[in-house]
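Participant: Take a look at the letters that make up each chain.
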Amino acid sequence: MFGAGGGTSSYREVEETDVIFLWGANARENHPIFFHHVLKAVHNGARLYAMDPRRTVSAQWADEWLGLNVGSDIALSNAMAREIIHAGLANEAFIRRATTGFDAYRKGVERYTLEYAEQETGVPADVIRRAAHAYARADRAMICWTLGITEHHNAVDNVLSLINLALLTGHVGRYGSGVNPLRGQNNVQGGGDMGAIPNRVVGFQDWTTDAAIRQKFEKAWGVKLKPEYGKNLTQMFEAMDHGEMRALYAIGENPAQSEADQNRTERLLTGLEHLVVQDIFLTRTAELASVVLPASSSWCEAEGTVTNSERRVQRLRKALEPPKGARDDMWIISEIARRLGCDWGQPSAEEVWNEVRSLAPMFAGMSYARLDKEGGLHWPCYDENHPGELFLHWRLWKDPIEGPPAPFSVVEHDPPLERPDAEYPFQLTTGRRLDSYNTGVQTGGFTSPLRRGESLDMSPEDAARLGLMDGDPVRVTSRRGSLVTPVRIDRSLRAGLVFMTLHFQDEVKTNVLTVDYTDPKSGTAEFKACAVRVEAIRAAPVRAAAPRAPDSAP
Amino acid sequence: MDLHLLNAEPTAEEREAVDAFLGAPASGWDGGARISRDNHTAAGGHAARGRRHLLLPAFHAVQSRVGWISEGALNYVCERLTIPPADAYGVATFYALLSTVPRPKRVVHVCDDIACRCKGAEKLCAELERKVGPAYHYGPDGDHHEIPEDGAVWLRSPCLGLCDQAPAALVTIAGTSPVERLFGDVTVAKVSEVLRGELRSTSDPHPRIPQAGDDSLRLLRRVDVVDPSSLDDYRSRGGYQALRRACDMGPEAVIREVSDAKLLGRGGAAFPTGRKWDAVAKQPVRPHYLICNADESEPGTFKDRAIMEGDPFAVVEAMTIAAYATSCEQGYIYLRGEYPLAHQRLQHAIDTATNRGFLGTNILGHGFSFEIEIRKGGGAYICGEETAIFNSIEGFRGEPRNKPPFPVQSGVFHKPTVINNVETLVNVLEILRIGGPAYAKIGTEGSAGTRLFCLSGCVTRPGTYEVPHGATLRRLLEMAGGVAGGRPLQAILLGGAAGGFVRPDELDIPLSFEGARTAQATLGSGVIMVFDDTVDLMDMILRIAAFFRDESCGQCVPCRVGTVRQEEALYRLKAGRARGGAGAEVALLEEIGLAMKDASICGLGQTAYNAVESAVKRLKLFEKAAAK
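Residue numbers (numbering that gives the first Met the number 0), protein chains in the order written: chain A, 0 to 553; chain B, 0 to 627.
Everything labelled a hint here was simulated from the structure, so no lab data went into it.
Note that beta-carbon positions come from the ideal geometry of N, C-alpha and C, so glycine has one too.
Check before you lean on any hint, since a few could be wrong.
Stated by the list, open to error - Which stretches of chain A does chain B cover? Using the computed rule of at least three CB atoms under 8 Å from a CB of chain B, they are:
#, stretch
1, 42-49
2, 57-65
3, 79-88
Chain A on its own, in the form it takes in the complex:
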């Protein structure tokens, strides 16, 4: 709805809001810095609601935990919307003035009664109702989400369903009210800002639909731009599968272990004619590469900027020389360009940044001098006198609004594509833990007192039924692959639901189990839901006490 991809609110607002929906986000473990702001809010009296199939440590902090079934988010959000409408809690003035498509939306959610939602999500109707009322009645309220929303085959619909709730209640565009995807890395936001996404160039500008933008970039860069989007990661692998894509240049990415259906991923990567990996670690992907370009670490060995979850662009400064042989990313890219016949020279980080400012209006006002002096600035920041915007979309509260109205989107509940059945009776969902990060490339190199290694987390009820004790090895099998891992009994899970991470890919290849059904709109795979079978691996029978000749010894 809002065009540029970024959270609408600042951290300060999180601390001063009244109701927080933490939806599909175990921020306590996975966004610990952000969660500190949530905790400040909680200590200030804000009420916290956690929507998550597991009762995570984040959910333990919540006033109410809504333990929905995996992938039933839209059933829950639409039912909340219906309840808000029927209870007369919708912000009708805001809807009239600042949105479009409400009538269709209202009709669309009408079938999502609380009873239906209870049946689909498992969450008791009274709890759904209470949460809906709390959100709608709050003076300020925020929805924060992460991969529990987006790692589904209908990721974009999930996000839209949450944005609908914000539009319905007017909880966007005001101080303390907003919708916020939490960013998993310090600079995920910055990557998108800089155009490291297939459908936008720097500053979230669409060169395919807007001729003026295309001409601006063509003029600046001195090349013709094809008016078509690039491929997202999923499409790239499809292209590899079809033999259409034969070379890959991976920068700071470890798809060999981070992608769903790992066996297929590895087959496709090894089948490439040429694979270049630029990374600070020799990742599994790098091991498969034709050429590895050792890069420098951007947070301490390079100059540049970083954008955090609250859209604040901040300076990074070089503190260390990179190890011998490792090079700055910018140097590597410029050097490749030079050898390919485009001599860009060796621009400094500030020169590159100033080019960004000249081409992307949302960064135009952010000079290095200002970033230094003001401790970073929130985008958009259109000129040197613009203070940056603490929260986005205030324009929706102008009367009449500035710019286009925000559209409601009719979205329907669409459960995960692979659901448990007689053969694969467990719902496997995946996630992350506090002290590890994704495939472990960045975190496997140091020890942590909390790190336990990979396990299949399982409810006490299931463990008892299968006769499993904590630590017993089990075989986990999906339609795509199979692995062995110890079981860990975890009360945060209910019967039928099991959980794994992808942190220990060298030992336990969790992604051989996951499905690669992807959302056609975002390209994200449904890491959060697949069906598996769990079998106890019985210890070998105790040998007879009588000594035997070691005839079978190697």
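Fit chain B to the known structure of chain A by using the hints.
Facilitator: For chain B alone, coordinates are given in the frame of chain A:
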């Protein structure tokens, strides 16, 4: 902090003890069996964390049922109250009356503190060691005694507040009907009997009020005269007239009377009570809380116990008046854990007053509401410090807070709080009876009203005495019949362990705030502990130093380290192993004492050197040694 519950399970007995206090678990997330609703929802958050204040009472419930708090019990309490076990363990280990290591159900705590030492506590303990066995010890590394088969042990204890009947002991018997009894005039025979579970030869203490029945008494007028369990008896002696007067006057007028009376707090800080009440009454933040500080733990102090045991309705009435004047709807009596009889009588008084409309809603038809809850301390001297009480009530370690903010702005649950000790509150009844200006005329110019003193040690008639401010030490000593057995007086400890020693030639010190100040002494909590010529003062000072070392909460460095260093230096002096000579040790003591005084967060550290200092400077105790 995240929960991180343990894997330990409670026993059926422990679970029962907790559930009896907290009620049955509401869900599988609350320690109960998991039901299908628990698969998809859990309540928690503010409501669950709001139950944190039930932690200490829940621990008491386990302790009094089982005798100690196992890992399983701790975990279960934590699950029920949404508290991380690591955090709760810090609370459990803070209190001496709670045990986190195995302890049998029958325990006798034998006081070996200063007053009881005057009465042969050391000899008693030595005899117990010989005849019953060594004092129970359970260390963390297997360094412990087996729990005896008969399940009964004895322990040494700091002052139990029964100094008028020294030597004293407290017996606790855990079980479904737990027994707690404080008893005096302890003998080996009595301890042995109690250890066998026989309580015949012990009885609840009877307050010793040598002036009982004297018409001139104001605070003690009903103590040892009325039936403490009878509201009618209380009312027949003027009870609840003060509350009626208060309600007729209105809250502002009550505060004005208290201000006019020039009532100063009896807890030690001598803060004007009227000003405190006025400050809370004017706070716009709601709710307001009232706390009666009944954590009387200063060694040698037992006057508040005399009132609570002998005239419990007076405490309840005085609190109701304070609550009325300052708009508090909830009051707490923070009562030291070693006063089971006071607990029982106060609870009875609260229940009776509630039944008869003196507590609860619409009191006396005046439209105001007030409830009182007793919070039992856990055997921690520091919890007599007002901000430590707040933390203790809230379910945290009883560590004092920094001031400001002051309690009148941000006290218990971070709301405006009136906190007064028992004696201060009871004075309010007298103020309303005779009027503020008349009350102000009692005593001296700077110290209005009468004052309670606790006479103990080597004195003929130990007990609680009431005199107008300004009476001399000599007068008090005479009232108590002088030094027992007519022996020569060696020294008097005035004001408690946090007070100081005075010499026999200083008996004309007038006992008023200003009189004590002029004499560079303090009235403290009204302790007058008498030592005759046979008492080993060095032993007393060491016991005081050990007391402070043991009771330091450990939060701030000057006190945590200083109290240890002070005790060590005293030990060296006593053992004749002074480093660099006695003079150097005395200088070191002075330096440590100053550091504690200047830099400690609360009064404990600030006064931990007082007694030692007075021994050095007033009694010249080390002069002979230093001269060597």
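Participant: Mind listing which of the numbered hints don't hold for this structure, in increasing order?
Facilitator: The structure breaks only hint 3.
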